[in-house]
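Protein chains in written order, with the working numbering: chain A, 5 to 121; chain B, 7 to 189.
Hints are computed from structural coordinates only; laboratory data are not their basis.
Keep in mind that the hints are not guaranteed to be accurate.
Unchecked claim - Derived Cβ-Cβ restraints for the label pairs, each shown as a range:
(1) T89(B) / A7(A): 28 to 36 Å
(2) L17(A) / L174(B): 32 to 40 Å
(3) L174(B) / T36(A): 21 to 29 Å
(4) G61(A) / V167(B): 33 to 41 Å
(5) K117(B) / A66(A): 40 to 48 Å
What the hints assert, rightly or not - Derived pair list, reagent style SDA-like, types lysine to any residue, alpha-carbon separation capped at 25 Å:
(6) K90(B) / W70(A)
(7) K90(B) / N117(A)
(8) K117(B) / A32(A)
(9) K30(A) / T62(B)
(10) K124(B) / W178(B)
(11) K30(A) / A116(B)
(12) K117(B) / V87(A)
(13) K117(B) / R94(A)
(14) K90(B) / E68(A)
(15) K30(A) / K124(B)
(16) K90(B) / D35(A)
(17) K117(B) / W89(A)
(18) K30(A) / I177(B)
(19) K30(A) / R181(B)
(20) K117(B) / R96(A)
(21) K30(A) / V106(B)
(22) K30(A) / K90(B)
(23) K90(B) / Y75(A)
(24) K90(B) / Q118(A)
(25) K90(B) / A66(A)
What the hints assert, rightly or not - On the chain A side, residues computed to face chain B include the following (Cβ under 7 Å):
(26) W97
(27) V101
(28) Q118
(29) Y121
Every residue gets a Cβ at the ideal spot worked out from N, C-alpha and C, and that includes glycine.
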Amino acid sequence: MDAYFYIILVVGLLSTIICAVAGIMKKAPNDTTILSVAAVELSLLVYLIGSIVRVAGGERMAGEAWEFWGYMATALLLPVGAVYWAILERTRWSNFVLAAVGVTAVVMAARMNQIWY
Amino acid sequence: MEEAENVSAKPSQDGAGNPAPDPRIAEQPDAGLPGAASTNAGTPGKSPAPTNTRNTGPGRLLIAVYAVFAISATARAGYQILTKFSEAPLAYLLSAFAAVVYVVATVSLAKPGRTAFKVSLVAVLVELVGVLVVGALSVFDSVNFPHETVWSLFGRGYGFVPLLLPILGLIWLYRRRPSARQA
Chain A
5 MDAYFYIILV
15 VGLLSTIICA
25 VAGIMKKAPN
35 DTTILSVAAV
45 ELSLLVYLIG
55 SIVRVAGGER
65 MAGEAWEFWG
75 YMATALLLPV
85 GAVYWAILER
95 TRWSNFVLAA
105 VGVTAVVMAA
115 RMNQIWY
Chain B
7 MEEAENVSAK
17 PSQDGAGNPA
27 PDPRIAEQPD
37 AGLPGAASTN
47 AGTPGKSPAP
57 TNTRNTGPGR
67 LLIAVYAVFA
77 ISATARAGYQ
87 ILTKFSEAPL
97 AYLLSAFAAV
107 VYVVATVSLA
117 KPGRTAFKVS
127 LVAVLVELVG
137 VLVVGALSVF
147 DSVNFPHETV
157 WSLFGRGYGF
167 VPLLLPILGL
177 IWLYRRRPSA
187 RQA
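Generate coordinates for the entire structure from the input sequences, incorporating the hints supplied.
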């Protein structure tokens, strides 16, 4: 597990907690919950750029490259899709949809780390 | 001056009459949709019947989780079949079958209408049977099911969400069955 994973772990879990608490408190998606999901997207973008730099620098990953990039592309699309799905209907349940993003991103980042090393 | 006042007064009078009912109409669906059917029962003014009640409220969360599983199961099955199909054809075909079931469930849950309801009911039932049968087989007959699928060990690799999902799906479909509202 590298620093990228731990960044996503912290940001993802924080985002999940923020969104889940907002959902439990019967709030609709607001700036706080949507920005927390945006932070997850940002941390994934950092991982993306870091990985491109590492590959460009000659580093080789242990697992299949296209599997790693497949996970990366899917993970990057998740927050965007979830925010779109959440703001179409702004109810408390949409916050639980947003809460699912953080955990999923953490799981996918863990899998990406496994593929890399 | 007087003319100008008259001109400006007329639209404001019309405007004063119109906005009053508008906010009520706009507010009612917002207040009614988030699963507040029991508290809304007293107010009779709930005239606009929603065409699809399955993709609102908790249903949106259910569809979102189904979508994640549809994507991950499809990607995983595709990867397994393309790279190591000959190792365990049965397990990987099961993976692909599970992926199709998740995709069908996701799409049919999001679509309105009775046909979509029936499709999602069948998909969720197949999913429940699949996770129970494959889960049991992977426990008792680990020789023939050594390779992983979404449903192996009752979905333990995915935090038992594959086992929980069809149960929640059936509860949701039962609560929002078409006959309860339309017939």
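Results of checking the hints against the structure:
Here the CB-CB span from T89(B) to A7(A) is close to 30 Å, well matched to the stated 28 to 36 Å. Checked against the hint of 32 to 40 Å, the pair L17(A) and L174(B) fails, with Cβ atoms roughly 23 Å apart. Between L174(B) and T36(A) the beta carbons are some 27 Å apart, a value that agrees with the proposed interval 21 to 29 Å. With their beta carbons about 38 Å apart, G61(A) and V167(B) fall inside the hinted range of 33 to 41 Å.
The beta-carbon spacing between K117(B) and A66(A), approximately 42 Å, falls within the hinted interval of 40 to 48 Å. In summary, the hint linking K90(B) to W70(A) is supported, as the alpha carbons are separated by about 15 Å, within the 25 Å threshold. Distance check on the hinted pair: K90(B) and N117(A) sit about 22 Å apart at the alpha-carbon level, within 25 Å; holds. Restraint check for K117(B) and A32(A): the C-alpha separation of about 23 Å stays at or below 25 Å, so the hint holds.
For the proposed pair K30(A) and T62(B), the alpha carbon gap of about 15 Å is at most 25 Å, so the pair holds. At most 25 Å may separate the alpha-carbon atoms for a hinted pair to count; K124(B) and W178(B) meet this at roughly 13 Å. Under the criterion of a C-alpha separation no larger than 25 Å, the hint pairing K30(A) with A116(B) is consistent with the structure, at around 23 Å. For the hint pairing K117(B) with V87(A), the CA-to-CA distance comes to about 20 Å; that is within 25 Å, so the pair holds.
A C-alpha spacing of about 19 Å is found between K117(B) and R94(A), which places the hinted pair at or below 25 Å, so the restraint holds. Between K90(B) and E68(A), the direct Cα distance comes to roughly 13 Å. Compliance with the 25 Å bound is thereby established for this hinted pair. Pair hint K30(A) plus K124(B) does not hold up; C-alpha atoms about 31 Å apart against a cutoff of 25 Å. A hinted pair counts as satisfied when its Cα atoms are at most 25 Å apart, and K90(B) with D35(A) does not qualify at roughly 45 Å.
In summary, the hint linking K117(B) to W89(A) is supported, as the alpha carbons are separated by about 14 Å, within the 25 Å threshold. Pair hint K30(A) plus I177(B) holds up; C-alpha atoms about 22 Å apart against a cutoff of 25 Å. Restraint check for K30(A) and R181(B): the C-alpha separation of about 21 Å stays at or below 25 Å, so the hint holds. Note on K117(B) and R96(A): the hinted pairing holds, with a Cα-Cα distance of about 21 Å set against a maximum of 25 Å.
With a C-alpha separation of about 34 Å, the suggested pair K30(A) and V106(B) falls outside the 25 Å cut-off, and the hint is violated. Between K30(A) and K90(B), the direct Cα distance comes to roughly 47 Å. Violation of the 25 Å bound is thereby established for this hinted pair. Distance hint between K90(B) and Y75(A) is fulfilled; the C-alpha atoms sit about 19 Å from each other, no more than 25 Å. With a C-alpha separation of about 19 Å, the suggested pairing of K90(B) with Q118(A) holds against the 25 Å cut-off.
Using a Cα cut-off of 25 Å, the hinted pair K90(B) and A66(A) holds, with the two alpha carbons roughly 18 Å apart. For W97(A), the interface hint holds, the least distance from its beta-carbon to any beta-carbon of chain B being 5 Å, beneath 7 Å. Interface restraint check: V101(A) against chain B, minimum CB-CB distance 4 Å, threshold 7 Å, status holds. Because the smallest distance between the Cβ of Q118(A) and any Cβ of chain B comes to about 13 Å, over 7 Å, the interface hint for this residue is violated.
With a cut of 7 Å, the hint placing Y121(A) at the interface with chain B is violated, because the nearest CB-to-CB distance is about 19 Å.
The structure does not agree with the numbered hints 2, 15, 16, 21, 22, 28 and 29 stated previously, though it agrees with the rest.
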